[in-house]
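The task is simple: from the sequences and hints, build the whole structure.
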Amino acid sequence: MNRFQDTVMTTQKKLSLVDVIHRTANHAVEDVLPLLKYLDFKPEASDLTSRSAAQQIADHLRRMGSNDIASLFRGGDGVSYAEVVCDVGEKLKAKDISSSNTVERNEELVIEKVFADTLDSMTAEEKRVLFRSMNLDVKDVPYAASAAVLMPILLRQLGGFATYRFAVITANMVSRALLGSGLSFATNAVITRSIGTLLGPIGWIASGAWLAVDLAGPAFRKTVPAVLYTATLRLALANRLSIGVVGDGSTGKDTLIEKVFGIPTNADPVAGSTSEAMRYALGGGGDAFVTNYPGFNDYRARVNASTDDALHHTDVFLLVMDATRGVSGTDVALCEKVRAFGKPVLVCLNKWDLIRTEKDGISLMDAARKRLKIERIQGPDVPAQEAELVLCALDPLPALGIESLGASEVREWVKAKLQTAGKNESLLDEF
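For the sequence shown, position 369 matches number 368 in numbering that gives the first Met the number 0, and the numbering has no gaps at all.
What the hints contain is simulated information worked out from the structure, not anything from laboratory work.
Note that the structure is predicted; figures quoted are calculated from it, not measured.
Here a beta-carbon is modelled for each residue, glycine too, at the ideal position from N, C-alpha and C.
Just to be clear, a hint being listed does not mean it is correct.
[To be verified] Pairwise CB distance ranges, derived in the manner of DEER restraints:
#, residue 1, residue 2, range
1, Leu32, Met150, 27 to 37 Å
2, Pro397, Thr356, 20 to 30 Å
3, Glu385, Leu154, 26 to 36 Å
[Unchecked claim] Think about it this way: if two alpha-carbon atoms lie no more than 20 Å apart in a straight line, the pair counts; the simulated EDC-like pairs of lysine to aspartate or glutamate are:
#, residue 1, residue 2
4, Lys342, Asp394
5, Lys258, Asp394
6, Lys416, Asp314
7, Lys94, Glu82
Okay, here's the thing in structure tokens:
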């Protein structure tokens, strides 16, 4: 393994508490504000999008989860976030909470416990409204039954995104109870569109009047909502779509972004873009992005920190190459670098319309197989979703009378890989 691969692979880990806060702030800084209100805390760092601010917020949350003795023995630094989550889960009497679980699993158990207790506090009519607002099949549902009966029904109907929906609802209830209002419009616009939950009908239910969480005690009053909200932010980050487009100069990256994703080449990038990473919203919902990395071939350890973070959390990569240049050393290096991130990679061999003869085309594909270590080229025997390389003529010369080639195949590949990764299928409608 070379030095670059070692650097990339060692940084592929689950998101820490600092990572969750930092990435959320860089995506939408207003989404961090409820966490600050719950903790009654203002970081010394004036820039909330900075990693130092995220670190200060995380440290304060851990201190809030510590008792005086624990803080004393740890030099005042507080317990680990994993301990905070376990403590919250145990106080809520969440089933299966354990220090041997991952932080993510314990967060999910806390969410499910609060949601189940909330169901038990609701009338049959309130449960009916809640189920309908979640676009569920309400036929033959025993609304008078306890959460022990209803939760399996919800889990079965909602599938892999059940906990995400529970998180959205409980996060809004806690916000109403403690902050006097639901979460920000920006936050709900993303998560409700992503999971198909309509919070409007829930508004009168989620007044906080019967919130089934005992928030007694000043510290517990902070750590319970903080953990619930952090868990919601983590799930939101996990369900966001991030598509990266890389390639050498003048290979057709902008054209691919326009033809495959419908984003005009003159579109304005969204906030957070840099000269190293031009990010575009896909569909305008704020939860799916296409990022053009114009300088990726110069990627190094000292690259802009936000760009480095974005690269490591990209879900799929599209590597655009110019067929008229053959398979260059730059292309080979780019392919190795992208693969080192451990995510699906599709080589888009563009300008195929300019290959003069069938012999030249066969030679080029042979070179791609050998130099890029590619086995599956899209064709009659290899469907797009299973391919490693797709032939593209995204903007063919009119004089040649050739139709555009490859856009639909690339789109099909992206959709298939995101589905395999367990991404929210409702977001894939953008394609």
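Exercise for the section: Starting from the range 20 to 30 Å, see whether the pair Pro397 and Thr356 falls in it by beta-carbon distance. Expected result: Given about 21 Å between the Cβ atoms, the range holds.
Q.
Check the hint pairing Lys342 with Asp394 against an upper bound of 20 Å on the C-alpha distance.
A. violated (27 Å)
- Consistency of beta-carbon spacing, Met150 to Leu32, with hint 27 to 37 Å: At roughly 31 Å between Cβ atoms, Met150 and Leu32 fall inside 27 to 37 Å, so the hint holds.
Restraint status (C-alpha distance of Lys94 to Glu82 at most 20 Å) = holds (16 Å)
(request) Given the hint of 26 to 36 Å, check if Glu385 and Leu154 actually sit that far apart at their C-beta atoms. (result) Once the Cβ atoms are compared, 31 Å apart, the range 26 to 36 Å for Leu154 and Glu385 holds.
Is Lys258 close enough to Asp394, meaning Cα to Cα at most 20 Å? holds (9 Å)
For the pair supplied as a hint, Lys416 and Asp314, confirm whether the alpha-carbon distance does not exceed 20 Å.
-> holds (9 Å)
The structure is inconsistent with hint 4 alone, although it conforms to all the rest.
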